[in-house]
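Going down the list, the sequences are from chains A and B.
1 is the number of the first residue of the first sequence in my numbering; add one for each residue after it.
1 is the number of the first residue of the second sequence in my numbering; add one for each residue after it.
Derived from the structure by calculation, the hints contain no laboratory data.
Being a predicted model, the structure only gives us computed values, none of them experimental.
By construction, the Cβ of each residue, glycine as well, lies at the ideal position given by its N, Cα and C atoms.
There's no promise every hint is true.
[Stated by the list, open to error] Distance condition first, Cα-Cα at most 25 Å in a straight line; then the derived PhoX-like pairs of lysine-lysine:
id, chain 1, residue 1, chain 2, residue 2
1, B, Lys-12, B, Lys-39
2, B, Lys-12, A, Lys-255
3, B, Lys-70, A, Lys-247
4, B, Lys-24, A, Lys-214
[What the hints assert, rightly or not] For each label pair, taking beta carbons as the anchor points, the in silico distance ranges come out as:
id, chain 1, residue 1, chain 2, residue 2, range
5, B, Gln-4, A, Val-65, 56 to 64 Å
6, A, Gly-60, B, Leu-48, 43 to 51 Å
7, B, Arg-8, A, Asp-219, 19 to 27 Å
[Stated by the list, open to error] Residues from chain B shown here face chain A by an in silico Cβ test under 10 Å; the list is partial:
id, residue
8, Gln-4
9, Arg-8
10, Lys-12
11, Phe-17
12, Leu-19
13, Ser-20
14, Asp-22
15, Gly-26
16, Ile-35
17, Gly-73
18, Ala-76
19, Pro-80
20, Ala-90
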Amino acid sequence: MAQALVKPKIPVEKQVLMTVNGNEAVAYAVKQSLVDVVAAYPITPQTIIVEKFSEFVANGEVDTVFVPVESEHSAMSACVGAAAAGARVFTATSSQGLALMVEILYIASALRLPIVMAVANRALSAPINIHNDHSDAYLMRDAGWIQLFAENVQEAYDTTIQAFKIAEDERVLLPVAVNLDGFFLSHTLENIYMLPDESVREFLGGYRRVSKVKVDYFDEEVPLALNPARPLSFGNLDLYDYYFEHKVQQVEAMKSVPEVVREVNEEWFKLTGRRYGDGIMDGYGIEDADIILLAMGSGAGTMRSVVRKLRREGLRVGLLKLRMFRPFPFKDIADKLKNAKLVAVMEKGISPGSYGPLFLEVNTALYELKERPLLVNYIYGLGGRDLVPDMVENMVKGLFKELETGLVQPRLRYLGVRE
Amino acid sequence: MAQQAGWRSLPKGGVAFRLSTDYKTGDWRALKPVIDYNKCTKCMLCWLFCPDMAIVWDGENVVVNYDYCKGCGICANECPVKAISMVPEA
Numbered sequence: 001m002a003q004a005l006v007k008p009k010i011p012v013e014k015q016v017l018m019t020v021n022g023n024e025a026v027a028y029a030v031k032q033s034l035v036d037v038v039a040a041y042p043i044t045p046q047t048i049i050v051e052k053f054s055e056f057v058a059n060g061e062v063d064t065v066f067v068p069v070e071s072e073h074s075a076m077s078a079c080v081g082a083a084a085a086g087a088r089v090f091t092a093t094s095s096q097g098l099a100l101m102v103e104i105l106y107i108a109s110a111l112r113l114p115i116v117m118a119v120a121n122r123a124l125s126a127p128i129n130i131h132n133d134h135s136d137a138y139l140m141r142d143a144g145w146i147q148l149f150a151e152n153v154q155e156a157y158d159t160t161i162q163a164f165k166i167a168e169d170e171r172v173l174l175p176v177a178v179n180l181d182g183f184f185l186s187h188t189l190e191n192i193y194m195l196p197d198e199s200v201r202e203f204l205g206g207y208r209r210v211s212k213v214k215v216d217y218f219d220e221e222v223p224l225a226l227n228p229a230r231p232l233s234f235g236n237l238d239l240y241d242y243y244f245e246h247k248v249q250q251v252e253a254m255k256s257v258p259e260v261v262r263e264v265n266e267e268w269f270k271l272t273g274r275r276y277g278d279g280i281m282d283g284y285g286i287e288d289a290d291i292i293l294l295a296m297g298s299g300a301g302t303m304r305s306v307v308r309k310l311r312r313e314g315l316r317v318g319l320l321k322l323r324m325f326r327p328f329p330f331k332d333i334a335d336k337l338k339n340a341k342l343v344a345v346m347e348k349g350i351s352p353g354s355y356g357p358l359f360l361e362v363n364t365a366l367y368e369l370k371e372r373p374l375l376v377n378y379i380y381g382l383g384g385r386d387l388v389p390d391m392v393e394n395m396v397k398g399l400f401k402e403l404e405t406g407l408v409q410p411r412l413r414y415l416g417v418r419e
Numbered sequence: 001m002a003q004q005a006g007w008r009s010l011p012k013g014g015v016a017f018r019l020s021t022d023y024k025t026g027d028w029r030a031l032k033p034v035i036d037y038n039k040c041t042k043c044m045l046c047w048l049f050c051p052d053m054a055i056v057w058d059g060e061n062v063v064v065n066y067d068y069c070k071g072c073g074i075c076a077n078e079c080p081v082k083a084i085s086m087v088p089e090a
């Protein structure tokens, strides 16, 4: 988080300092974002988000329609229906709940519905585990959603509000998943700054505005939303004559996302004095680094503190925190990593029989370079295993030794597992 | 076939851009319902049950709109006086 040199529109002393955990922070962000419909099903570690939000509904503090459903499959289905009707929609889930939603996740993105979903990241069964890793986020990798990762509770709050703006942008119209690490963020108290309600309202431009569409059976453009007065049909059968075009249209929409994420990040900076790198990634000491660690989520915080310590000891090490996993910023990543000798991709998830999904993307990104850094993949923290600073420190020091010998093998490694 | 739109010009999200009545689904049919008006009591059950609204009331009788009838046979099955027979398409 960079500090503002220019005075933000809402300086810190006019923001509200609150002690909340990550889930409550998200619930407050949703409360301030004028959400029309929330449909959700409880699951650890996400439960507090909708629990807290249902209190706002019960107390009459929001105008939101809260739909308690019987499963996550139904939750996302209700979100699709509401979003197709023009509502601003939010839901939240984790792990197995997300797995149950998968069928509808693909539909939400293909219908171009700007739903925002918080994912309190948790390991997938089996063995059953309620703690944090990124297996669930990787599960929805190909579902056509924008995926953003928060490093701390403040960022979870900020990102949730930003997500509505990104999703609803005319150039985008895609759903956004805001990932926050289960327990490490979802249940951890942090002092954060919240904006006054009216500032969030202004930032988002009030309630959701629906884009327009031109169809053959209405003379004028009509709002792209379900309405009995001017009926539109969503989710139609689409065979070999049009499916391909519609898919390409959806895939191409992802190309506008980085630009919008950067703009929203800058706008947020001018408003609050807070920004997260360029919105897509945030480098720390990477300019002259021989070894760069690449990470997403709360682990980046731990790694940054280790990098800071090792820098003081004179080691040329840096951290690149990735905030946006989908769409994946191939070119930017290659740009940031190109001068390093070695890059360690730090991941809380793996595709069995392959590498971590993030590693595969970074590998692809670096292929474009004539001279590439060496690349290793560390899988850490599965099922909520702690990432201890000493562990990272020893890992980095070991990597420097390997660099000296010139032999960096194997590429896939585990950090913090017993043999 | 008319020129089909490319991905740049199609409406977003796969929303239907033409009316469904533009598609004459009657040519899916293998069996054709034929109404025997000597038996028909004009009870309207076929009209009520037809899932494609392909049975219409013309003011005096129920008639089949063959442009959209897919030949599912529900009308023949529901007819209490067996006035509708399903005849193979020529």
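Hint check results:
1. Lys-12(B) x Lys-39(B): 50 Å, violated
2. Lys-12(B) x Lys-255(A): 15 Å, holds
3. Lys-70(B) x Lys-247(A): The given pair, whose Cα atoms are some 29 Å apart, is violated under the 25 Å limit.
4. Lys-24(B) x Lys-214(A): 23 Å, holds
5. Gln-4(B) x Val-65(A): 56 to 64 Å: Violated - the Cβ-Cβ distance for Gln-4(B) and Val-65(A), about 39 Å, lies outside 56 to 64 Å.
6. Gly-60(A) x Leu-48(B): 43 to 51 Å: Taking Cβ atoms as reference, Gly-60(A) and Leu-48(B) lie about 45 Å apart, which means the hint holds.
7. Arg-8(B) x Asp-219(A): 19 to 27 Å: Once the Cβ atoms are compared, 22 Å apart, the range 19 to 27 Å for Asp-219(A) and Arg-8(B) holds.
8. Gln-4: 7 Å, holds
9. Arg-8: Holds, about 8 Å.
10. Lys-12: With a closest approach of 5 Å, the Lys-12(B) hint holds.
11. Phe-17: This hint holds: Phe-17(B) lies near chain A, its Cβ roughly 4 Å from the closest one there, short of 10 Å.
12. Leu-19: 5 Å, holds
13. Ser-20: 7 Å, holds
14. Asp-22: 8 Å, holds
15. Gly-26: Because about 17 Å separates Gly-26(B) from the closest Cβ in chain A, which is outside the 10 Å limit, the hint is violated.
16. Ile-35: 30 Å, violated
17. Gly-73: 22 Å, violated
18. Ala-76: 26 Å, violated
19. Pro-80: 34 Å, violated
20. Ala-90: It is violated, given that the least Cβ distance between Ala-90(B) and chain A is near 27 Å, above 10 Å.
Comparing the model with each numbered hint stated earlier shows that hints 1, 3, 5, 15, 16, 17, 18, 19 and 20 do not hold.
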